[in-house]
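**Student:** Residue strings, one per chain:
2 protein chains.
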Amino acid sequence: MVANGTPAPRFASGCSELQASRLQLSLPLPDVLKHSFQVVDGPPSSSAGNPDEIAKLFPNLFGQPSALLVPSDTSAAASDQSLKIGVVLSGGQAPGGHNVISGLFDYLEERAQGSTLYGFRGGPAGIMNSKYVFLTSDFVRPYRNQGGFDMICSGRDKIETPEHAEETVNMLDLDGLVVIGGDDSNTNACLLAENFREKKMKTRVIGCPKTIDGDLKCKEVPTSFGFDTACKIYSEMIGNVMVDARSTGKYYHFVRLMGRAASHITLECSLQTHPNITIIGEEVAATKQTLKNVTDYIADVICKRAERGYNYGVILVPEGLIDFIPEIQQLISELNEILANDVVDGDGMWKKKPGSQSLQIFELLPQAIQAQLLLERDPHGNVQVAKIETEKMLIEMVETELEFRRKQGVYKNDFRGRSHFLGYEGRCGLPSNFDANYCYALGYAAGALLHSGKTGLISSVGNLTAPVEKWAVGGTALTSLMDVERRHGKFKPVIKKAMVELEGAPFKKFASMREEWALNNHYCNPGPLQFQGPTSNVTNHTLMLELDAGA
Amino acid sequence: MVANGTPAPRFASGCSELQASRLQLSLPLPDVLKHSFQVVDGPPSSSAGNPDEIAKLFPNLFGQPSALLVPSDTSAAASDQSLKIGVVLSGGQAPGGHNVISGLFDYLEERAQGSTLYGFRGGPAGIMNSKYVFLTSDFVRPYRNQGGFDMICSGRDKIETPEHAEETVNMLDLDGLVVIGGDDSNTNACLLAENFREKKMKTRVIGCPKTIDGDLKCKEVPTSFGFDTACKIYSEMIGNVMVDARSTGKYYHFVRLMGRAASHITLECSLQTHPNITIIGEEVAATKQTLKNVTDYIADVICKRAERGYNYGVILVPEGLIDFIPEIQQLISELNEILANDVVDGDGMWKKKPGSQSLQIFELLPQAIQAQLLLERDPHGNVQVAKIETEKMLIEMVETELEFRRKQGVYKNDFRGRSHFLGYEGRCGLPSNFDANYCYALGYAAGALLHSGKTGLISSVGNLTAPVEKWAVGGTALTSLMDVERRHGKFKPVIKKAMVELEGAPFKKFASMREEWALNNHYCNPGPLQFQGPTSNVTNHTLMLELDAGA
Chain A
1 MVANGTPAPR FASGCSELQA SRLQLSLPLP DVLKHSFQVV DGPPSSSAGN
51 PDEIAKLFPN LFGQPSALLV PSDTSAAASD QSLKIGVVLS GGQAPGGHNV
101 ISGLFDYLEE RAQGSTLYGF RGGPAGIMNS KYVFLTSDFV RPYRNQGGFD
151 MICSGRDKIE TPEHAEETVN MLDLDGLVVI GGDDSNTNAC LLAENFREKK
201 MKTRVIGCPK TIDGDLKCKE VPTSFGFDTA CKIYSEMIGN VMVDARSTGK
251 YYHFVRLMGR AASHITLECS LQTHPNITII GEEVAATKQT LKNVTDYIAD
301 VICKRAERGY NYGVILVPEG LIDFIPEIQQ LISELNEILA NDVVDGDGMW
351 KKKPGSQSLQ IFELLPQAIQ AQLLLERDPH GNVQVAKIET EKMLIEMVET
401 ELEFRRKQGV YKNDFRGRSH FLGYEGRCGL PSNFDANYCY ALGYAAGALL
451 HSGKTGLISS VGNLTAPVEK WAVGGTALTS LMDVERRHGK FKPVIKKAMV
501 ELEGAPFKKF ASMREEWALN NHYCNPGPLQ FQGPTSNVTN HTLMLELDAG
551 A
Chain B
1 MVANGTPAPR FASGCSELQA SRLQLSLPLP DVLKHSFQVV DGPPSSSAGN
51 PDEIAKLFPN LFGQPSALLV PSDTSAAASD QSLKIGVVLS GGQAPGGHNV
101 ISGLFDYLEE RAQGSTLYGF RGGPAGIMNS KYVFLTSDFV RPYRNQGGFD
151 MICSGRDKIE TPEHAEETVN MLDLDGLVVI GGDDSNTNAC LLAENFREKK
201 MKTRVIGCPK TIDGDLKCKE VPTSFGFDTA CKIYSEMIGN VMVDARSTGK
251 YYHFVRLMGR AASHITLECS LQTHPNITII GEEVAATKQT LKNVTDYIAD
301 VICKRAERGY NYGVILVPEG LIDFIPEIQQ LISELNEILA NDVVDGDGMW
351 KKKPGSQSLQ IFELLPQAIQ AQLLLERDPH GNVQVAKIET EKMLIEMVET
401 ELEFRRKQGV YKNDFRGRSH FLGYEGRCGL PSNFDANYCY ALGYAAGALL
451 HSGKTGLISS VGNLTAPVEK WAVGGTALTS LMDVERRHGK FKPVIKKAMV
501 ELEGAPFKKF ASMREEWALN NHYCNPGPLQ FQGPTSNVTN HTLMLELDAG
551 A
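Residue numbers (the numbering used here), protein chains in the order written: chain A, 1 to 551; chain B, 1 to 551.
Among the clues, some could well be false.
Just so you know, same-sequence chains aren't split out, so a pair can sit in one copy or run between any two.
[Said to hold, decoys possible] Keeping only pairs whose Cα atoms sit at most 27 Å apart, straight-line, the calculated DSS-like set for lysine-lysine is: (1) Lys387 with Lys288; (2) Lys392 with Lys250; (3) Lys387 with Lys412; (4) Lys34 with Lys219; (5) Lys158 with Lys250; (6) Lys131 with Lys158; (7) Lys131 with Lys412; (8) Lys131 with Lys250.
Just so you know, the hints here were simulated from the structure itself, not pulled from any lab data.
Start from the sequences and build out the full structure, keeping to the hints where you can.
**Tutor:** Structure representation (structure tokens):
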């Protein structure tokens, strides 16, 4: 009998040849982690914003320096000191999570003999409910270089009050806790670190940057793990669809890509594949575009392409697009208000309630989306924005617009849209060589930071466009990534999501090419992710462009 | 200005590193094609069924032997004889089509100097309308080992009357025509060959077996090209979704796979990935299952898994499932009848028309599917079966069944379904090493067969589980694959689609494992298709099992 939420262990019989060959792989470590090293502190740090408030919220941690590992004749930590460490996966899956744990495990095996590693099961809830497993060599082995989070699984619960974690941490007598997660989880990791230090507990906390969305990054943490693999998997599919579009010559493929808050995935996939149209949410918001503007832009490109004899194309759309359109936000909040207080009557009397602009937009939406907005609500009675199939909505709206133009004699072709959503397919793929190596280094570094007494840092591996051997390894003060947001009258610490910067190198590169890509066909098919051969270590465009620009 | 339907040539700037490395690849040829060979005829052939009728339909071709290429000191054809050859791609895209053309081109370059190769554009319509392009070395080069059909594009038109082709063929003074297509296209190729021979024209016709669906095969043609690559691409995605399902622990993923007529793709993907449930259309038909049976089977497995603590899973469904369910076929034909003659009134008066069994089934269907059946029709007024999203229909039906069981106290969990459709993503991927080599040999062989005066054969490459060097090469009489169907009172020749055989080795292997796969988790993630390394030459299960069984 297996408890709910506990996955069955991986069977050898359920392992493909490629999985087996990845299992056997031994990973390279950065040079500094191969020999004795010591931890060197940098200058005192501040915060990403509102340092005074952050200082108040983190009196024990604020200002602490970031740390860099450097070669040394003597080790920073006594190798005979054994440690008790816990590790937890938090939030959505990202390729490489198993390697962070493998790296941490190997650090303890090699540098702190006799240590114990506990894996908390099912995410942060596992800490609160003391659900854990001993991570032994046999337990960890089948997950090395494998996708997924199923070694210990993850969850979306938050440790809202650090007290909940204290009991478990004390019971297990933990020296350290490694939190592998996104912006929220790393914020919580920092709150735990602050709380533990305040209470003079010995447990130290180190975070690791995870999210396929790519929106947790800064100078010292150049990328979050999983982004590289996910974008390469999505780009393989987009590239295939492009070749199909060009071969068939009669479909417009609308591809919605994962990434609610930021459009990094969409931008990276665009740079990898060169679609005809790419909608970047941050640009839509910055230029205050309406849904009609977006629709018209797509229709314009389709008309121009028709003049050149191209009646096909590929269009990338970020999952979070409608969150970036102010008028839709307005409509949804007005609808939530109405739905909370009134019934929606068939006669449309409710339509007297929303503002006239919102009503106009509502009438513009395809019927299926209208129905979805009115009928499908979450347990709090709110419109379920996440369930809206943006790509299908755009197809219908573009169809309507082109029909209108046809009647005007401006457009003469048949428009046939095909919709795709690329999501789950990319979260649990076999990690790319980059993510496999990056995660292994992140985990190994987390072990080193804990071992040398650090807390409240996020594991940081840099110089990522160089060969692995030359990568820089250290930890960045989590408080230095923080700002505050005012919620319910209180200041809450947050690590701000890194959005697509319209002045950043990746967007500028895209912007410089998009007209050419729109009208001509420069489709690029990256093909399936390779683990061997000349293309197996290709750096993704976003990372390369950002690092080049920052250099 | 580019004519409608004519793709822009591929630009070097639109080529990924992997595409570039595949472009450079030089392909191995079977040993027999490397040196001088001659064509040896086998015994006279018959047909797959109704030989008397086939003999009447193909008086000039019936009974002709299949041909085998064997090493020889002197070449079968004079190498100084130059040829004029046309080639056409017919029907849906399949990875490897470009390599068939490359193989044919290279044969002519190497063995029939001074030859001309014409590529008919946009499929068979290109023959009828004399739309063609000279295939030169420069023109062909950027498409070598690349996915898609965009070198000359394809189309779904049929050459209904051979006379339409005669004019073009005579104008270009063609010695031969290579038709790359599925069962219908190869039937048409044979009709052309018969017609040309009857009229004593010099133009010979050779077919090549193409379809990702895998339903064009026989003893001499062990597989159609594209099937291997498409199944590997789909299995990569399914494998990723499986790892996600196990990591997340709360979703049932319903994956619909391309393949309307036969379920080979679904079966092969099942053998590659080991999902919890796989529905094989041919079995549903053979055991006369109803939609309720299929729904109950899925719900049963979900309930049993819930008892073991697994509230997640992966379910594969062939695109053509509902075509295999007799009662649905009945319902649809009754609906088509009603829709042709009556209006569907909101008051449901029309419901008095269908038989009571059909009405019962209609009432069982989810509302969205009901609406689709009634409202969305093709230009002939018929229900659009292809547009029904079978995976979504099953999710809703399973949900309803589980809700019913919950009320009975038999099922206590939350069921959350997620739908996927894998189609376009697999048709135009970079061909696997297998498909790249297989297609190159098929094309090279087609050249050899034409050069040695053969017509009415399908290019046949065998012994496919051996290394490429040992592959057997020849041609099989197209008439030997044929049977007749009676349509509108006339006998029509057809190449019968190869369905999944319930007594065949692939299905039996699946059937022997499915209970284990259903309740326990043996998920297997084949990962992305590799072009180098230990897994790059893996033979797909269907081919391996069928060849082993036939050996």
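**Student:** Taking the hints in turn, state whether each one holds.
**Tutor:** Here is how each hint holds up against the structure:
no. : hint               : in the structure
1   : Lys387 with Lys288 : within (23 Å within a copy, 37 Å between copies)
2   : Lys392 with Lys250 : both (17 Å within a copy, 26 Å between copies)
3   : Lys387 with Lys412 : between (34 Å within a copy, 25 Å between copies)
4   : Lys34 with Lys219  : within (25 Å within a copy, 57 Å between copies)
5   : Lys158 with Lys250 : between (48 Å within a copy, 18 Å between copies)
6   : Lys131 with Lys158 : within (15 Å within a copy, 64 Å between copies)
7   : Lys131 with Lys412 : between (63 Å within a copy, 23 Å between copies)
8   : Lys131 with Lys250 : between (54 Å within a copy, 18 Å between copies)
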